[in-house]
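Trainee: Spelled out from the first residue to the last, the chains are:
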Amino acid sequence: MTAAAIDVRGLGKDFGAVRALDRLDLEVREGEFFGLLGPNGAGKTTTVHLLATLLAPSRGTARVAGHDVAREGLAVRRHIGLVFQETTLDRDLTITENLRFAARLWSLPDRVARPRIDAVLRQFGLWERRNDSVRGLSGGLRRAADIARGILTEPRILFLDEPTAGLDPRARRALWEQIRGLRAASGVTVLLTTHYVAEAEPCDRVAVLDHGRLAALGTPSELKRAAGVDSLEEVFLAHTGHRLPEGEGDGG
Amino acid sequence: MSGRAVYGIVAREFLRFLRQRGRVLASIGRPFVWLLFAGAGFATVFAGRNEIDYRVYMAPGLLGMVVMFGSLLAALSTVTDREAGVLRMVLVAPIRRSTVALGKTLGATALGTTQAVAVAALMLPLVHLRPTLGGAGLALVAIVLSGLALGALGLVLAASMRSIENFAGVMNFVIFPMLFLSGALYPVRHLGPVLRIAVLANPLAYGVDLLKHALLGAWAKTGYGGEMPVLLDCAALALFALAGLAGAAPLLAREGGLARAAFRERA
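Chain order of the listed sequences is A and B.
So in the numbering used here, the last one in the first sequence is 252, and the numbering has no gaps at all.
So in the numbering used here, the last one in the second sequence is 519, and the numbering has no gaps at all.
Wrong hints could be hidden among the right ones.
[Stated by the list, open to error] Part of the chain B face toward chain A, derived, beta carbon under 8 Å: (1) Ala257; (2) Gly337; (3) Val344; (4) Met413; (5) Pro439.
I should point out that these hints are in silico values taken from the structure, not numbers from a laboratory.
Just so it is clear, CB atoms sit at the ideal spot from N, CA and C, and this is done for glycine as well.
Can you build the whole structure from these sequences, using the hints too?
Mentor: Structure, rendered in structure tokens:
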């Protein structure tokens, strides 16, 4: 068994009187494809932001890539990539300019950044549009550019926060294909949040979050077996007593 | 401190500025509109004095105004960065918040300086103002220091603003008072004690004063040149810049500041 890429103990976060995340315990292994499944407001994004050192924990601890998120933010951020729910690209710049900006923020020297930028542009099917302003791109291409930006720095751990939100089924399938290829090629640890059950299906392990609490944790087949049901949808129902909100069509 | 990250932030500010053609034209054109219209009106009031052509008197102040708009607006673009999500990407990069603050401030300074130098190259010949070499050098120092001070303070302002909708408020309660109490349009030494204190608290006042030292040296004896010691102007601007940087970095890191607003869970 390899060391934990992410080690979370009793992690919680309050926003004023709102308990966004109660007390979370989980471990994500190196190279694992880990899914956080739950409806909107379950605490998935809060968890990701805590692990990415963008929020300070209200209680508990978490180590990411061996570093404490509360005390070693800089060291944590050196090892992670984060693709946010909404695009973080500068719409006034081209795709290449956005990637170059990210490369500089991560202090990559030009001679390292240039071939990497070319590589991710090709890998994500953005090469032809590399000099187009982000403003004119489709949602699918923007998302692809966001993910290209997230992996440009070759993180050990990649957080994908609802990566397919707002994409049409075709763009969604293309994106899953790219994430599959990325994992096969680099062995990067991926923590995915989603409220689409179908998207959690290919994960190595899934944590079901509901109202800021961990409702269930295991491989998709373990979870189904334990609950005596055939689908993760029913697993969610069995653990939380309610259904996930209807997804908008095909989940990948 | 990461030099590459700072460079990246500055380079992006420039790219964005050059992309926004309207912004370029507005920043270059604005001082000439003032020179033309305000200059024409006030020149008639000043005419009787027969000491200095009002348009010449205005020139240093207008350069100060260009720096102010250039640097302050660039720093305020941090609010837009937050709304557009770009700030999230910057905050998840492996750099300190103080590096972000420094990059933003230097970017704002570079933009303000570029605009002011471009305007100076067009405006000074127009009003027949020929600075000495030393004067030109001091003017550049004044422009850069003003840019640093106003950029850093603009960043503090941006960190405490929720959205760019507050912009009208900033215009009315920050930009206009700063401009009128800077000595850019009229000498401030005759103002009453209360306004006089406001002048001393106004970073632009030191910038404009320094610009007058640099450009209106020939009129120093008639009372239209700089009024405060050059060193005091420089020290005050540097102090404003350092205070702004020191204030902006924790504001950027604080959850109650930009980070919190950018990362609040959507319930």
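Trainee: Please verify that hint: B/Gly337, Cβ, nearest Cβ of chain A, below 8 Å or not.
Mentor: This interface hint holds because 4 Å falls under the 8 Å limit.
Trainee: Does the CB of B/Pro439 sit less than 8 Å away from some CB of chain A?
Mentor: With a closest approach of 41 Å, the B/Pro439 hint is violated.
Trainee: Hint validation: B/Val344 versus chain A, beta carbon distance must be below 8 Å. Holds or violated?
Mentor: holds (5 Å)
Trainee: A closest beta-carbon separation below 8 Å is what the hint needs, so does B/Ala257 meet it against chain A?
Mentor: holds (5 Å)
Trainee: When the nearest CB of chain A is found for B/Met413, is that gap smaller than 8 Å?
Mentor: With Cβ-Cβ at 20 Å, over 8 Å, it is violated.
When held up to the earlier numbered hints, the structure conflicts with 4 and 5 and fits the remainder.
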